Amino acid sequence: MDQRGRIVEIIDERTAMMKMQRNSACASCGKCIGSSSSESQEIIVEVDNTIGAKLGDEVEVSMDQIDVMKALGILYGIPLLGLLIGSVGSYYILKSLGVTSMLEVLSALVGFAFTGLAYLLIRSREGKFRASRKYMPTVTRVVIDLNTCSLDGSCEGM
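The letter at position 6 of the sequence shown is residue 6 when you use our numbering, and the numbering goes up by one with no holes.
Note that these hints are calculated values from the structure, not bench results.
This one's a predicted model, so the numbers in the text were calculated from it and none came from an experiment.
The beta carbon of each residue, even a glycine, is placed where N, CA and C say it ideally should be.
Each hint should be verified, as a subset may be incorrect.
[What the hints assert, rightly or not] Straight line, CA to CA, 27 Å or less: simulated DSSO-like cross-link-like pairs of lysine-lysine: (1) K70 to K134; (2) K70 to K19; (3) K95 to K19; (4) K54 to K19; (5) K70 to K128; (6) K128 to K19; (7) K134 to K19.
[Claimed, not checked] Taking CB as the label site, the calculated pair distances span: (8) I10 to R123: 21 to 31 Å; (9) E104 to G77: 19 to 29 Å; (10) G89 to K54: 48 to 58 Å.
Please model the entire structure based on the sequences and the hints provided.
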């Protein structure tokens, strides 16, 4: 998945913040600051800047589709499994223990608790995910707008 945007902040020699337009393909990954339901909203994303793009540079970033799918699986699949295992598993366990009063409500509450635990587990591993940089978009090139360049090779804002 390739996107274009502008570097708005340099965090360190390997990391920068990039402003870009969010499209429908990345609308729900959760890596963006300022996420909401609007598909055409400007967002700020943390990117791997190992090529050394500078503040204000127009850049192209890329993230492998398989890594996007893995990230979505982690963010949505694990909590969904927690909800299903918690609610269905507790339903049958509570039923076998003879609980009949409010069985479905108790099962739903256990399912929600498991979902919360799944999110806490993901959150506790966030440092590991961030350190691996595997799920971070990577700056692949600095884009030069030829409309802002003169014949002598100098470009505005460069």
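Going down the list of hints, with the structure as the test:
1. K70 to K134: holds, 10 Å
2. K70 to K19: Holds, because 23 Å separates the two Cα atoms, which is no more than 27 Å.
3. K95 to K19: violated, 52 Å
4. K54 to K19: Given that 27 Å is the threshold and the Cα spacing comes to 13 Å, the pair holds.
5. K70 to K128: holds, 15 Å
6. K128 to K19: holds, 25 Å
7. K134 to K19: holds, 20 Å
8. I10 to R123: 21 to 31 Å: Taking Cβ atoms as reference, I10 and R123 lie about 26 Å apart, which means the hint holds.
9. E104 to G77: 19 to 29 Å: holds, 24 Å
10. G89 to K54: 48 to 58 Å: Given range 48 to 58 Å: holds, Cβ gap about 53 Å.
Figure legend: structure checked against the earlier numbered hints; the only hint not met is number 3.
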